[in-house]
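Position chain B relative to chain A; hints supplied.
2 protein chains.
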Amino acid sequence: MRFTWILCLALAGLSACNNEKANDADVVKDIFSEALSDTTAYSNLKTLCTRYEGRICGTAEADGAVRWAEALLSSMGLDTVYLQPMMVPKWNRGEEEVGKVLSAALGDHLLSVCALGWAVGTGPEGVTAEVVEVTSKDQLEKLGDAGIRGKIVFYNQPMDPTHYYTFESYGEAVWQRARGASMAARYGAVAVINRSLTMASDDYPHTGIMHYADTLPKIPALAVSTVGADSLSGWLKKDPAIKLFLRTTSQDHGEVTSYNVIGEIRGSEKPDEIIAFGGHIDAWDNTQGAHDDGVGVIQTIEVLRIFKKLGIRPKHTIRVVVFMDEEVAQRGGAAYAASVKAKNEKHLAAIESDRGGFTPYGFSIDASPMTVGKINNWKKLLEPYGIWSFKKGGSGVDIRDLQPMNIPLLALVSDSQRYFDYQHSPSDTWDKVYPREMQLGSAAITSIVFLIDNYGLE
Amino acid sequence: MRFTWILCLALAGLSACNNEKANDADVVKDIFSEALSDTTAYSNLKTLCTRYEGRICGTAEADGAVRWAEALLSSMGLDTVYLQPMMVPKWNRGEEEVGKVLSAALGDHLLSVCALGWAVGTGPEGVTAEVVEVTSKDQLEKLGDAGIRGKIVFYNQPMDPTHYYTFESYGEAVWQRARGASMAARYGAVAVINRSLTMASDDYPHTGIMHYADTLPKIPALAVSTVGADSLSGWLKKDPAIKLFLRTTSQDHGEVTSYNVIGEIRGSEKPDEIIAFGGHIDAWDNTQGAHDDGVGVIQTIEVLRIFKKLGIRPKHTIRVVVFMDEEVAQRGGAAYAASVKAKNEKHLAAIESDRGGFTPYGFSIDASPMTVGKINNWKKLLEPYGIWSFKKGGSGVDIRDLQPMNIPLLALVSDSQRYFDYQHSPSDTWDKVYPREMQLGSAAITSIVFLIDNYGLE
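Protein chains in written order, with numbering that gives the first Met the number 0: chain A, 0 to 457; chain B, 0 to 457.
Since the hints were made in silico from the structure, they are not lab data.
Take these hints with a grain of salt, some might be off.
Distance condition first, Cα-Cα at most 16 Å in a straight line; then the derived EDC-like pairs of lysine to aspartate or glutamate [what the hints assert, rightly or not]:
| id | chain 1 | residue 1 | chain 2 | residue 2 |
| --- | --- | --- | --- | --- |
| 1 | A | 345 | A | 430 |
| 2 | B | 307 | B | 33 |
| 3 | B | 431 | A | 430 |
| 4 | A | 340 | A | 272 |
| 5 | B | 340 | B | 430 |
| 6 | A | 431 | B | 430 |
| 7 | A | 136 | A | 171 |
| 8 | B | 269 | B | 78 |
| 9 | B | 345 | B | 457 |
| 10 | A | 242 | A | 60 |
| 11 | A | 308 | A | 78 |
| 12 | A | 45 | A | 436 |
| 13 | B | 28 | A | 382 |
| 14 | B | 308 | B | 33 |
| 15 | B | 28 | A | 167 |
| 16 | A | 28 | B | 167 |
| 17 | B | 390 | A | 400 |
| 18 | B | 340 | B | 271 |
| 19 | A | 378 | A | 23 |
| 20 | A | 390 | B | 457 |
| 21 | A | 89 | A | 129 |
| 22 | A | 28 | B | 159 |
Now the stretches of chain A that chain B is said to cover, found in silico as 3 or more residues with beta-carbon under 8 Å [as the list claims (entries may be wrong)]:
| id | segment |
| --- | --- |
| 23 | 413-419 |
| 24 | 429-438 |
Given the structure is predicted, the values throughout are model-derived calculations rather than measurements.
Ideal placement from N, C-alpha and C gives every residue a C-beta, glycine not left out.
Chain A with its partners taken away, still in its complex shape (with noise of 0.2 Å):
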């Protein structure tokens, strides 16, 4: 720390401080050579993401998560560490899921699937159906009950490679995975197969998320691999009369008790006025959920760790949210939103870390114009290190119940060019992450929260 900067401290309950502004580029500069020289952070996501791998909502990894992340908080010396208990969702894959192509012109092939997250299982019997490919919804709407009944519907729209931003494309597809099967249920398909929601050409299913609609059966899902997805279009193309088996013994148990942790640095002039960041502990059963979200987690815990390494004492309490079931219900934003609301809490800012530990270079804000505009005076401290883009846009899912209350909400948004090779997939494990590159989210957030504490966002 910089003697003008320890001054500057000294001074600040007296008077203004003049150096304001460089001071706070030597605090920024310091919070970024602390991330990128200590080790503390990747350490810890490679526990989390070894020992605590596929810790969905409701499973005995997602306990042991919350266990560990509420012993490592309560390890760093903070003001407080509680739980925050809700009810969230369980469910089990069961078995191994079985996907074959049954072809007597081709030969049988098996294919990479997994059950879509809360989809019915086929039971052990499995379903066998012939199978229509579809790459579009107006295809599907085409093909109609005529088309589709009594088949499997094979969803292969795959994400456009041409936009920047990734999540772009997954937005354009994602409707495959999370509503194909009622879509598809309308016209009596018994089950549905989606592409995997990558650009990358491999042989993991990718899980995630889906919903039925009430007033539909509810039919088996499942993802298959983009290498399985390509053969299979290719084989239906020689054979449109294969067959497909699918077997998937997943089952609902449920509700049972699970936890966000939350951890907090008292403010020293205003302990009630608060800034809380976070990303979410639960991850999907089939991967280690580094990137989505493991990094998050950890790049918010090293929040604390650099403001207590760099002896920075915030006026304002400063607190992260380890947060349960993004995944699948969202029930840990809900719960933790319906706690600021029930103690009328007040909140400077709220700031989320779910998009991928990749290089860092800005931050989307769901505020006022005036409040991003403020943010954007801060542009010139952070641009030094890559962070430019300060602009209007969505937040996070575990934060956006903060929304209704007028709290300012901020996502850091990282380089997204790589992220859907992992999500929901066995690939997202610890070493996929480059630790520079998820050591620069952590600064920036640092960063932010330093300045938020300092000038507020009003």
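Chain B in isolation, oriented as in the chain A frame:
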């Protein structure tokens, strides 16, 4: 291609086009879409890297790469393809190098080492001596003759991890490799070994060019992997009497002829005015040279492919220069500049890509403030693709000799976090390049060439 833009092109000869800005945005979008959805470039990168591994100047691999590039350009329907000859140095590292720690107390241990480029060999008998570890220039000076004579100097100053832009860390540490041998020879060292210039902890030694001072004895110079350097440093603390055995049989072979490869699309209005762009095709003999600099070659060849694919006819001649010998004596850059001068060729700009195939974020511009300002006016067109930084700064080694001719020089700037993990080492393989990241760079250069062609830089 959009109708409005075709219309605009058609009218361009008759009058200024009203829709200039809107059309530019459309063309830039088309350029990025083409780059992100076509696989030619990545396939070319793989071929270059796997077929012509270790293509340092003077080798058969370098010759093969030149012929390959010539054939590739000749297959693209360009207006001109030709070779530009020059003399290049030739050197051979000989047999696999040996580095062995000899310690009565700790036992003997092999280290992962390689000769630095153009260093003299130890001869087949090798050299054995005590080791003195040095982590700064100051420390070297203090040790002086008394501490160094007859010993091997072990340079072990790590790259500083706290810089955002890792080329800064490299710039601070590269003296050990580039000038360390002569600095130590001044005090009577018998050889030097330097910590590889990477922040990664792995067992790859990283080579690179080194230079001898004319007035001092030439002593052998090797690199050791960071894992090896950390081990050696630890062993020295336990047993300062450790000896090191080093053996290299490298040999200088004088000079031979090699070539730049040049390909052009002739300008429709001002064919004698040129926009040049390129990367260097040579790569160290221990690597595939993917990020350094297969990517630069491929990205700049891609500019021509995209112009042709989209049917964009340039007003000025656009020219790719596939440079030979960036790594050693920069003879390709010198030959190109000499030719420009001799032919009195007018260049609107020269652009180099030689900073790795990672997600790009801007251009470093070596030009007048007015030119920098003009390029900044195009920011709004490129910012949607993450290209936001257009700053005054250095360009590239291959084009720097054009500076005295007052040609505006630009370098593509990409995310540098991972670059030095690979540079000059066996780990710089084609699969370490992520296709979308590389192609964003291809599109960024193509877009800038398109804009310079339309609006100039004056």
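Verification of the supplied hints:
no., hint, in the structure
1, A:345 to A:430, "38 Å, violated"
2, B:307 to B:33, "11 Å, holds"
3, B:431 to A:430, "14 Å, holds"
4, A:340 to A:272, "14 Å, holds"
5, B:340 to B:430, "39 Å, violated"
6, A:431 to B:430, "14 Å, holds"
7, A:136 to A:171, "11 Å, holds"
8, B:269 to B:78, "14 Å, holds"
9, B:345 to B:457, "13 Å, holds"
10, A:242 to A:60, "37 Å, violated"
11, A:308 to A:78, "15 Å, holds"
12, A:45 to A:436, "15 Å, holds"
13, B:28 to A:382, "25 Å, violated"
14, B:308 to B:33, "8 Å, holds"
15, B:28 to A:167, "15 Å, holds"
16, A:28 to B:167, "15 Å, holds"
17, B:390 to A:400, "41 Å, violated"
18, B:340 to B:271, "14 Å, holds"
19, A:378 to A:23, "12 Å, holds"
20, A:390 to B:457, "32 Å, violated"
21, A:89 to A:129, "32 Å, violated"
22, A:28 to B:159, "14 Å, holds"
23, 413-419, "holds (count 3)"
24, 429-438, "holds (count 3)"
Of the numbered hints given earlier, the model fails hints 1, 5, 10, 13, 17, 20 and 21; all others are met.
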